[in-house]
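K.L.:
Required output: the full structure, derived from the provided sequences and hints.
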Amino acid sequence: MQLANIWQNRILEELSNALKEREYYNKKLYLIIAQVSIIIASMIIISSVLKWIKKPLKAKIELLKEQIK
Numbered sequence: 001m002q003l004a005n006i007w008q009n010r011i012l013e014e015l016s017n018a019l020k021e022r023e024y025y026n027k028k029l030y031l032i033i034a035q036v037s038i039i040i041a042s043m044i045i046i047s048s049v050l051k052w053i054k055k056p057l058k059a060k061i062e063l064l065k066e067q068i069k
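When we follow this note's numbering, the leftmost residue of the sequence shown carries the number 1, and every step to the right adds one.
Possibly wrong hints are sitting among the right ones.
When the alpha-carbon atoms are kept at most 35 angstroms apart in a straight line, the in silico DSBU-like pairs for lysine-lysine are as follows [said to hold, decoys possible]:
hint	residue 1	residue 2
1	LYS69	LYS54
2	LYS65	LYS54
3	LYS51	LYS69
Since the hints were made in silico from the structure, they are not lab data.
P.N.:
Now the structure itself:
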């Protein structure tokens with residue numbers, strides 16, 4: 001009977017630990033998803049800004065090429 005109680009307590013402890021780990025990794029998963037989303041959004045914003053800057057520069061380069069000719 002004492003051995004059964006020991007195993008029961010051990011099983012309950014392991015299940016409790018497994019649930020705590022699962023909750024921890026679920027929280028960590030949301031954090032990882034948030035970080036990846038921020039990185040992707042930053043890349044999109046930077047790309048848009050660079051395209052916005054590129055248009056006037058390209059026009060200026062073309063104008064300078066025409067002036068050189």
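K.L.:
CA of LYS69 to CA of LYS54, is that 35 angstroms or under?
P.N.:
Roughly 23 angstroms separates the two Cα atoms, so the pair holds.
K.L.:
For a C-alpha distance cap of 35 angstroms, please report whether LYS65 and LYS54 respect it.
P.N.:
OK: LYS65 and LYS54 at ~16 angstroms, within 35 angstroms.
K.L.:
LYS51 and LYS69: Cα distance at most 35 angstroms?
P.N.:
holds (27 angstroms)
Checked against the numbered hints listed earlier, the structure breaks none of them; every hint is satisfied.
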